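The listed protein sequences derive, respectively, from chains E and H. Okay, so the first sequence: first residue is 0 according to numbering that gives the first Met the number 0, each after it adds one. Okay, so the second sequence: first residue is 0 according to numbering that gives the first Met the number 0, each after it adds one.
Treat the hints as calculated values from the structure; they're not laboratory data. For clarity, every value in this text was computed on a predicted model and none was experimentally measured. Just so you know, even glycine gets a beta-carbon here, dropped at the ideal spot from N, CA and C. Any given hint could be a false lead.
[Said to hold, decoys possible] Distance windows between CB atoms, simulated:
#: 1; chain 1: E; residue 1: S32; chain 2: H; residue 2: A184; range: 19 to 27 angstroms
#: 2; chain 1: E; residue 1: P183; chain 2: H; residue 2: S32; range: 53 to 61 angstroms
#: 3; chain 1: H; residue 1: A101; chain 2: E; residue 2: G122; range: 39 to 47 angstroms
#: 4; chain 1: H; residue 1: Q141; chain 2: E; residue 2: G41; range: 42 to 50 angstroms
#: 5; chain 1: E; residue 1: R124; chain 2: H; residue 2: G122; range: 43 to 51 angstroms
#: 6; chain 1: H; residue 1: G122; chain 2: E; residue 2: Q24; range: 33 to 41 angstroms
#: 7; chain 1: E; residue 1: V204; chain 2: H; residue 2: K138; range: 19 to 27 angstroms
#: 8; chain 1: E; residue 1: D162; chain 2: H; residue 2: L40; range: 44 to 52 angstroms
#: 9; chain 1: H; residue 1: G122; chain 2: E; residue 2: D144; range: 22 to 30 angstroms
#: 10; chain 1: E; residue 1: D144; chain 2: H; residue 2: K59; range: 45 to 53 angstroms
[To be verified] Under 10 angstroms between C-beta atoms, here's a sample of chain H residues computed to sit facing chain E:
#: 11; residue: D7
#: 12; residue: L15
#: 13; residue: G27
#: 14; residue: I30
#: 15; residue: Q60
#: 16; residue: I66
#: 17; residue: R81
#: 18; residue: W83
#: 19; residue: Y100
#: 20; residue: K119
#: 21; residue: I121
#: 22; residue: G122
#: 23; residue: V165
#: 24; residue: V188
#: 25; residue: T201
[To be verified] Covered stretches of chain H, as calculated for chain E (at least 3 residues, CB under 8 angstroms):
#: 26; segment: 50 to 58
#: 27; segment: 102 to 115
Number of protein chains: 2
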Amino acid sequence: MRSSHVPDIVVGRLPLYLRALNHMQAEGNEITSSQELGERLGISSAQIRKDLSQFGEFGKQGTGYNIGYLSDQLRSILKVDRVWDVVLVGVGDLGRALANYAGFLDRGFRIYSIFDSDPKKIGKRAGDFTIQDAAELRKAIQADDIQVAMLAVPSDQAQAAADALVEAGIRAILCYAPTSITTPASVRVEYIDPVLHLQHMTYHVV
Amino acid sequence: MRSSHVPDIVVGRLPLYLRALNHMQAEGNEITSSQELGERLGISSAQIRKDLSQFGEFGKQGTGYNIGYLSDQLRSILKVDRVWDVVLVGVGDLGRALANYAGFLDRGFRIYSIFDSDPKKIGKRAGDFTIQDAAELRKAIQADDIQVAMLAVPSDQAQAAADALVEAGIRAILCYAPTSITTPASVRVEYIDPVLHLQHMTYHVV
Chain E
0 MRSSHVPDIV VGRLPLYLRA LNHMQAEGNE ITSSQELGER LGISSAQIRK
50 DLSQFGEFGK QGTGYNIGYL SDQLRSILKV DRVWDVVLVG VGDLGRALAN
100 YAGFLDRGFR IYSIFDSDPK KIGKRAGDFT IQDAAELRKA IQADDIQVAM
150 LAVPSDQAQA AADALVEAGI RAILCYAPTS ITTPASVRVE YIDPVLHLQH
200 MTYHVV
Chain H
0 MRSSHVPDIV VGRLPLYLRA LNHMQAEGNE ITSSQELGER LGISSAQIRK
50 DLSQFGEFGK QGTGYNIGYL SDQLRSILKV DRVWDVVLVG VGDLGRALAN
100 YAGFLDRGFR IYSIFDSDPK KIGKRAGDFT IQDAAELRKA IQADDIQVAM
150 LAVPSDQAQA AADALVEAGI RAILCYAPTS ITTPASVRVE YIDPVLHLQH
200 MTYHVV
């Protein structure tokens, strides 16, 4: 496995490939090609073949990829052939939408518990969850050995919440607050900020 | 301006720079450096200097960048020195969160109107908006010459909704549905799918 040397930008495309393969499978297909994948994703077939070749041999020239097999391999590479428990911190509108989102489980993730620091919210329900006191975050994360968190608090609370998550042992944070947070190098952070995408697109709109 | 030849991945980093500069300005700073920006963003200072140099000369060796000036320049390059009206299609939990999100306006965007096809929702309120009938989408978009849309409908409705948006003249779509949509090359699409980010991170979690 040469995966330790794979550029992170290549790793970042694997979830896109996996998602497209899942859709193909749901449509009843068994075989695909780098051309077909590329057309779905707007990525060149050469790029797809090159990306996948960094992780092994998944198809043969001329016969294409077996969708089920390639999906399984990608799930294994991305470590989502298991289900990761996730804590959600911050139950505003967005946190509530995430708590109700049905698309996590069949792709490797399950929201396990949700937290907020607002006394008016603690104890109330959101989706299938009871909102817990953010002061209990550390204890809960450590008791259940949770490694992944989603952060949906306001920007001015994001760094403090991230610090608490890191201290509790969280290894990966998906941050919805429109700010940058600082963590030790051993903790991965990714951001979801719709405005970054909107601004990227308006650059191109004449 | 050499910007027509700038790789898209570079363009995609400009909104990150702009966001960091805005935070620095809010903290009362007037001058920054590629080193300081890089530390905030986890990007090398050389990369930042190289990215910015594709668009012009924004600072001098040794004196750093004037934050206000560089912000203005980036806003102009990204075309967010104006406010873009945005239509939102799909008012589930997520659409509701977007309708209530306060972080668009000061970064170049304003939700102008919101649509859903569910008769039970049409006419109801979400945030400051009255939910309109998605059947009226085309008329509304053309009447107000809107070019940007956010799509927060279920996956199985995403392509049809995107087709309607494209037909109405939309030029940029931010898609929250966990699927890939197809549009003419002249229409930009970006996706927000939390699972892609989560899977990218779990690859790295040992």
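These are the hints, each one checked on the structure:
In this structure the hint that S32/E and A184/H lie 19 to 27 angstroms apart at CB holds, the actual value being about 22 angstroms. For P183/E and S32/H, the hinted distance range of 53 to 61 angstroms is not satisfied, since their beta carbons lie about 23 angstroms from each other. Distance hint for A101/H and G122/E: a CB-CB separation of about 26 angstroms, inconsistent with the stated range 39 to 47 angstroms. Taking 42 to 50 angstroms as the suggested C-beta distance range, the pair Q141/H and G41/E does not conform, at roughly 27 angstroms.
Between R124/E and G122/H the C-beta distance comes to about 27 angstroms, which lies outside the given range of 43 to 51 angstroms. The supplied range of 33 to 41 angstroms is met by G122/H and Q24/E, whose beta-carbon atoms lie about 39 angstroms from each other. For the pair V204/E and K138/H, the supplied restraint of 19 to 27 angstroms holds, since their beta-carbon distance comes to about 21 angstroms. Checked against the hint of 44 to 52 angstroms, the pair D162/E and L40/H fails, with Cβ atoms roughly 18 angstroms apart.
Judged by the Cβ atoms, the range 22 to 30 angstroms given for G122/H and D144/E is violated: they are separated by roughly 48 angstroms. A hinted range of 45 to 53 angstroms holds for the C-beta pair D144/E and K59/H, which are about 51 angstroms apart. Interface hint at D7/H: satisfied, since its Cβ lies 8 angstroms from the closest Cβ of chain E, which is below the 10 angstroms cut-off. With a least beta-carbon distance of about 6 angstroms to chain E, the hint placing L15/H at the interface is held under the 10 angstroms criterion.
Taking 10 angstroms as the C-beta cut-off, the interface hint given for G27/H is violated, the closest approach to chain E being about 15 angstroms. Contact between I30/H and chain E, as hinted, is not supported at the beta carbon level, the nearest pair being about 19 angstroms apart and thus beyond 10 angstroms. Restraint check, Q60/H versus chain E: the minimum CB separation of about 25 angstroms is more than 10 angstroms; hint violated. With its C-beta approaching chain E no nearer than about 15 angstroms, I66/H sits outside the 10 angstroms limit, and its interface hint is violated.
The criterion of a C-beta within 10 angstroms of any C-beta in chain E is met by R81/H, whose closest approach is roughly 9 angstroms, and the hint holds. At a threshold of 10 angstroms, the smallest CB-CB gap from W83/H to chain E is about 6 angstroms, leaving the interface hint in force. For the restraint placing Y100/H at the interface with chain E, the shortest Cβ-Cβ distance is roughly 8 angstroms, inside the 10 angstroms limit, so the hint holds. Hint status for K119/H relative to chain E: violated, with the closest Cβ pair at about 17 angstroms, above 10 angstroms.
For I121/H, the interface hint is violated, since its Cβ never comes within 10 angstroms of a Cβ in chain E; the closest pair sits about 20 angstroms apart. The closest approach between the C-beta of G122/H and any C-beta of chain E is roughly 21 angstroms, which is over the 10 angstroms cut-off, so the hint fails. Taking 10 angstroms as the C-beta cut-off, the interface hint given for V165/H is violated, the closest approach to chain E being about 13 angstroms. At about 8 angstroms, the closest approach between the beta carbon of V188/H and any beta carbon in chain E falls short of 10 angstroms, and the interface hint on this residue holds.
Against a cut-off of 10 angstroms between C-beta atoms, the interface hint on T201/H holds, since the closest Cβ of chain E lies about 5 angstroms away. Counting residues of the segment 50 to 58 of chain H whose CB lies closer than 8 angstroms to any CB of chain E gives 0, which falls below the minimum of 3, so the coverage claim is violated. With 5 residues carrying a beta carbon less than 8 angstroms from a beta carbon of chain E, the segment 102 to 115 of chain H meets the three-residue requirement, and the given coverage holds.
Going down the numbered hints, you'll see the structure goes against 2, 3, 4, 5, 8, 9, 13, 14, 15, 16, 20, 21, 22, 23, 26, while the others check out.
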